[in-house]
Amino acid sequence: SQKIEQNSEALNIQEGKTATLTCNYTNYSPAYLQWYRQDPGRGPVFLLLIRENEKEKRKERLKVTFDTTLKQSLFHITASQPADSATYLCALDRGSTLGRLYFGRGTQLTVWP
Amino acid sequence: EPEVTQTPSHQVTQMGQEVILRCVPISNHLYFYWYRQILGQKVEFLVSFYNNEISEKSEIFDDQFSVERPDGSNFTLKIRSTKLEDSAMYFCASINSGNSYNEQFFGPGTRLTVL
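First to last, the sequence lines map onto chains F and L. Oh and the first sequence: position 95 is 96 in our numbering, straight run, nothing missing. Oh and the second sequence: position 5 is 80 in our numbering, straight run, nothing missing.
It is possible that part of the hints are untrue.
Said to hold, decoys possible - With a cut-off of at most 20 Å between alpha-carbon atoms, the simulated PhoX-like pairs for lysine-lysine come out as follows:
#1 F:K4 to L:K117
#2 F:K18 to F:K60
#3 F:K4 to L:K153
#4 L:K117 to L:K132
#5 F:K72 to F:K4
#6 L:K132 to L:K153
Bear in mind the hints are in silico, worked out from the structure with no lab data behind them.
Sequences are here, hints too, so could you generate the full structure?
Below, the structure is given as structure tokens:
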């Protein structure tokens, strides 16, 4: 079965720095890889999606890279702010029309002032 | 902005009881999902639903689980005889087409506590 690992359970950084989160997967390569934000007691909120034939995607202060050779995605938040503190989930989509997602356990990011 | 809603926000039940979790997906969406998240664990897929039938289900979704879209708006998850290990957050999600590179819109979740 698909296995998804996110580099660490927790990441603490200072405001203004760049946060880099890692997602590694095994077995088959997904067609798409998505990143979600989850706040305590809330549902995941979509942030970015990258396709297997894309190397990089950006949205405002967010950047995602996708390396199918390394089976890895990196998620960057530049100029981080305390409001960015949350758990970030990596989710793999095999590309079927049904959109079932396989989630990693997430990385809890804390940005301190 | 349209959003997925779920009720109740918290459900407490006794082991062996039936529970029904309700979701109202975004109105023009066609594909619906249930996921669960045990405290401290990852979000896990349960079932997908399209055109009034189950499209795919995981090994978690056994005979005790069922889903239904009883009318044009609600999407329900029923657990017939709850177990302690069913305690989790249950999330409903939807997308507006079968094109899987659409983002999934998640509801706020129902916290199910089985005593």
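Quick rundown of the hints versus the structure:
With a C-alpha separation of about 12 Å, the suggested pair F:K4 and L:K117 falls inside the 20 Å cut-off, and the hint holds. At most 20 Å may separate the alpha-carbon atoms for a hinted pair to count; F:K18 and F:K60 meet this at roughly 17 Å. Proposed proximity of F:K4 and L:K153 is contradicted: the alpha carbons are some 28 Å apart, above 20 Å. Distance hint between L:K117 and L:K132 is fulfilled; the C-alpha atoms sit about 17 Å from each other, no more than 20 Å.
At roughly 11 Å between alpha-carbon atoms, F:K72 and F:K4 fall within 20 Å of each other, so this suggested pair holds. Taking the CA atoms of L:K132 and L:K153, the gap is about 14 Å. The hint holds against a cut of 20 Å.
The earlier numbered hint that this structure contradicts is number 3, and it is the only one.
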